[in-house]
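Colleague: Sequence:
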Amino acid sequence: MDEVLGFQDIIKKSFLHLEAFRSVSYIDMILGLLCSFAIGMFIYWIYRKTFRGVVYSYNYNVSFVLMSMLTALIIMTISTNIVLSLGMVGALSIVRFRTAVKDPLDIVYMFWALTAGIASGAKMYPLALGGSLVIGLVIIWMSKRKVTEQAYLMIIRHTEEATDALRVELRKLNSKLKSKTVRKGFTEVTVEVMLRDDNTAFVQTISELEGVSDVSLINYTGDYAQ
Numbered sequence: 001m002d003e004v005l006g007f008q009d010i011i012k013k014s015f016l017h018l019e020a021f022r023s024v025s026y027i028d029m030i031l032g033l034l035c036s037f038a039i040g041m042f043i044y045w046i047y048r049k050t051f052r053g054v055v056y057s058y059n060y061n062v063s064f065v066l067m068s069m070l071t072a073l074i075i076m077t078i079s080t081n082i083v084l085s086l087g088m089v090g091a092l093s094i095v096r097f098r099t100a101v102k103d104p105l106d107i108v109y110m111f112w113a114l115t116a117g118i119a120s121g122a123k124m125y126p127l128a129l130g131g132s133l134v135i136g137l138v139i140i141w142m143s144k145r146k147v148t149e150q151a152y153l154m155i156i157r158h159t160e161e162a163t164d165a166l167r168v169e170l171r172k173l174n175s176k177l178k179s180k181t182v183r184k185g186f187t188e189v190t191v192e193v194m195l196r197d198d199n200t201a202f203v204q205t206i207s208e209l210e211g212v213s214d215v216s217l218i219n220y221t222g223d224y225a226q
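Residue numbering for the sequence shown follows our numbering, starting at 1 and increasing by one per position.
Hints are computed from structural coordinates only; laboratory data are not their basis.
If you're wondering where the values come from, they're calculated on a predicted model, not measured in any experiment.
Among the hints, erroneous ones may be present.
Stated by the list, open to error - Label pairs and their calculated CB-CB ranges: (1) 58 - 169: 34 to 44 Å; (2) 34 - 140: 50 to 60 Å; (3) 133 - 203: 41 to 51 Å; (4) 141 - 34: 20 to 30 Å.
To be verified - Keeping only pairs whose Cα atoms sit at most 20 Å apart, straight-line, the calculated EDC-like set for lysine to aspartate or glutamate is: (5) 123 - 106; (6) 176 - 164; (7) 176 - 192; (8) 178 - 214; (9) 144 - 164; (10) 123 - 28; (11) 176 - 188; (12) 49 - 103; (13) 144 - 188; (14) 144 - 161; (15) 144 - 106; (16) 184 - 169; (17) 180 - 161.
Every residue gets a Cβ at the ideal spot worked out from N, C-alpha and C, and that includes glycine.
Using the sequences and the accompanying hints, generate a full structural model.
Modeller: Right under this line is the structure:
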């Protein structure tokens, strides 16, 4: 007569028993770490080559390499036991990243490193290597595409006597008023200007107007200026 097992018996025999733990071979461990390291270095190179931000961070870029390898270790660890995997998921769910990411593309690199680590830890080496190669080529291709127009912020500080002449010059440009600050004795306006090339001769023309004290032109990316 077959023994009827209860729910607790199934848990004890299937999950909590020491035999439920499966060891990871040294070959799988070395291959997983090497694959994740290679992809992490590839991400490092792509990020450095295509970076367009304000200040390049070496430590942030190196974190992609370490993130890929650590994720691969986590995946290899939780693959040994289902109970351990559930506990690991619960522990990682309480982790919160406090670092502010200004560029949305940086988040893509973070997910790329995590995905590469997951695929390497799961022994899906062709998927990890091939997928990373395709993603890297797409990022390089997109970064080399020439932008037809770039947004700039022009900050002009002037007196009341320059208002009419300044309005005439701004009408010649593809501009849009962003802010205006009026103080005693002078006015400061911030104007968004769309440029198709690097011709910034109009800045000199505006700065020479009667009543204009200074003009600043800043490249604007939406989240920050550079």
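Colleague: Would you mind marking each hint as holding or not holding in the structure?
Modeller: Evaluation of the provided hints:
no.	hint	result
1	58 - 169: 34 to 44 Å	holds, 43 Å
2	34 - 140: 50 to 60 Å	violated, 24 Å
3	133 - 203: 41 to 51 Å	holds, 44 Å
4	141 - 34: 20 to 30 Å	holds, 27 Å
5	123 - 106	violated, 26 Å
6	176 - 164	holds, 16 Å
7	176 - 192	holds, 5 Å
8	178 - 214	holds, 18 Å
9	144 - 164	violated, 41 Å
10	123 - 28	holds, 7 Å
11	176 - 188	holds, 14 Å
12	49 - 103	holds, 16 Å
13	144 - 188	violated, 36 Å
14	144 - 161	violated, 45 Å
15	144 - 106	holds, 18 Å
16	184 - 169	violated, 24 Å
17	180 - 161	holds, 16 Å
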